[in-house]
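> Residues per chain are reported as follows:
Protein chains: 2
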Amino acid sequence: MSKVRLWIIGSIGIDAIETPAAQRGELLGGSVTYACAAASFFTRTGAVGVVGSDFPTAFLERYQRFGIDLAGLQTRQGPTFRWSGVYEADFINRRTLDTQLGVFADFSPELPEAFQEAPFVLLGNIGPALQLHVLDQVRGQPFVVVDTMDLWIRIARPELEQVIRRANLLTLNDAEARLLTGRHNLLECARAVLAMGPQYVVIKKGEHGAMLCSAAGISLIPAFPVEQVEDPTGAGDCFAGAFMGFLANTRAERIDEGLLRRALLHGSVVASFGVEAFSTERLERLTAAEIEARVQALRSMCAV
Amino acid sequence: MSKVRLWIIGSIGIDAIETPAAQRGELLGGSVTYACAAASFFTRTGAVGVVGSDFPTAFLERYQRFGIDLAGLQTRQGPTFRWSGVYEADFINRRTLDTQLGVFADFSPELPEAFQEAPFVLLGNIGPALQLHVLDQVRGQPFVVVDTMDLWIRIARPELEQVIRRANLLTLNDAEARLLTGRHNLLECARAVLAMGPQYVVIKKGEHGAMLCSAAGISLIPAFPVEQVEDPTGAGDCFAGAFMGFLANTRAERIDEGLLRRALLHGSVVASFGVEAFSTERLERLTAAEIEARVQALRSMCAV
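Read top to bottom, the protein sequences are chains V and H.
Be aware that the first sequence starts at 1, since it is given in the numbering used here, and climbs by one per residue.
Be aware that the second sequence starts at 1001, since it is given in the numbering used here, and climbs by one per residue.
Just so you know, the hints here were simulated from the structure itself, not pulled from any lab data.
Worth double-checking, as some hints may not be accurate.
[What the hints assert, rightly or not] The list that follows gives simulated cross-link-like pairs (lysine to aspartate or glutamate, EDC-like), each with its CA atoms no further than 20 Å apart: (1) H:LYS1205 <-> V:ASP150; (2) V:LYS205 <-> H:ASP1090; (3) H:LYS1205 <-> H:ASP1098; (4) V:LYS205 <-> V:ASP150; (5) H:LYS1205 <-> V:ASP174.
Let's have the full structure, built from the sequences with the hints guiding it.
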C-alpha cells in the first residue's frame, strides 16, 4: 500500500433520502464517505471519522473497495450518525426530516501517525472546533482545504474564523459565502473571504459550476450538465474530494491557478457522476476512462 | 450608410426603475432599445417598433448616435409604452409596479422595404401574433432568432408555437424553458424545444451564463462576473442583440456551433457592460476595445 497523500475528516452517516426519483433508506453517507470515494480515483486517501457499533461491515468493505485507508476511523459504542431528508422537485432544495448525532456527538478525532505528514488535508464539513483540534495534530505544511456550512457560520463563527485563517483554500456555496461575508455580489464575497486569510476561495454554485478566486484573478469552473439526477446528496463533497485527490496526485512543484482549474474541473466531473445514483453507488462502478471522457466533453462544451 | 443586415422588433418604452443601487425615472427602455444598441457595436441594425407623440427627441438622438436605422420606427398619436418596476436586494427578482401600454396596444408592425431582405432577424419579446405578422413580411431565408417570455407561454401558446416552428433559434430563460416544456432538467427542456422546430435553443441563466443546444451537442457560455451591477433591466436583450450583431457581422459562409459560441460570448460580454448602468448609459460610452478586452478576460477565466 502506498502512503496516504490526502486525508479527509468529516461526518460518516447512515442516510434515508427521498428525491423525486426514488426513496431509499440505510444508505452509506456523510461528507467523508463521498469525498474519500471521489478522491480515491486519483490518490491514496485516508478517512478520519467515527462510526457506531451498528455500522454495517458491508459499508466498511465498500470503503476498502475504494482503497480508502481506514486508520483514522474510530468505532465507538452506540449508534452511528443518522440523517434523513427529502428533496423538492428541483432536486436542489431539501428539508431535513431527522438528525440523530449518535456517536458523532462526542467525536474527538485523533490523527493516525501515518497521516500526520500527508501533504494534502481536506477538513470536510464538521464543527470548526473539531477541524481545529485535528489540524493541531498535523506536522509539516500541508495544503489545507476547509469546507463549511451555514450552521457553523451561525453558531460557531469565532472558531470558524480561526480555521479559515489557517486554510490555504476555503470552499463554500454561494448562499454560505453571502452569509459569511454579509455581501451579495459573489466577487465581493470572494474578496472578503480572501481578506480573512486563505490564498484561494472556491464558491460553489451547484448546477451552475463554481468560481475560484485569488489575488491572481478569477477562474470559472463549469458544471457538467447531468441528464438524469437521482440523488444530489454529497455532490459538494464529491467535488471537493476529487479536486483534492487530483491535486494530491499531480506531484506538481507548486500549486498555481492552472493546476487548480484542472483539479476543479475533475471535481466537477466526478460530482456529476455522483448525483446519478444514491450514496456512492455510481462511483462504485465509475472508471477512470469515464472520468477522462467526461472531462474532455466538458472541455469541448466550453471551448471558445 | 451601409445596408441593414439585422433588424430587431420588440418594445420601446419609458421606464421608471428602482434597484438597490438607485432609483431613476424617464429612462429609455424596451427590448428593441437594448438589443439594437448592443447589436450596433457589430453591424448595421434596424429597429422596428412604435412610440407615442410624447417620446422625447433626445431619445431618438440616442438611437441615432448608436447608428440605428429608424425606418421601422412608427410614431403614433398617444402615450409611449411605460413600465415601472422595483428590484430586490439580489438584483434579480423584480416586481412590476405599473404597466401602461399606450400606443403599443395597437401596434401593427410594418417592415420597411429596406429591411425585408436583411439576412438576420431578431424577434424580440412581444406578442407572438405580432412576431408572426412581421415575419410574414420577410423576403428570402433570414436566420431568425425568437425571444419570448412567460406571459406569452401562458396566454398565447398556439401562436407562440407557430413562431417557434419558424425560428432557427429560440432564446428563453431557464424558468421560461421549464414553463414551456413542462420539464425541469434543462437538457430535457432543450430537447423538447428542439422537437418544436428550431435547430438551436439558447437557455439563458442570468448571472450563471447560458447553454446552447442543438442536434450537434451542448455549448456552455459563461457570464462575465460583474463587479458593480446598477440595473439588470435589458440584460437578456443586450445578450441577444450583441449575439445577433456579431453573427450578422461575420459574413461567414455558414453558421456553425463554433461561430454561435463566439457570438454568444460577445453577447455575454456586452450584457455585462449593460447592467453596469441604467438604460443604455453604459453602452453609450462603451468602446470596441473594452468589449474585446472583456472577451479575452472571459476566455482566460474559462481556459482549462
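> Would you pick out the hints that fail for this structure and give their numbers low to high?
Those not satisfied are hints 1, 3.
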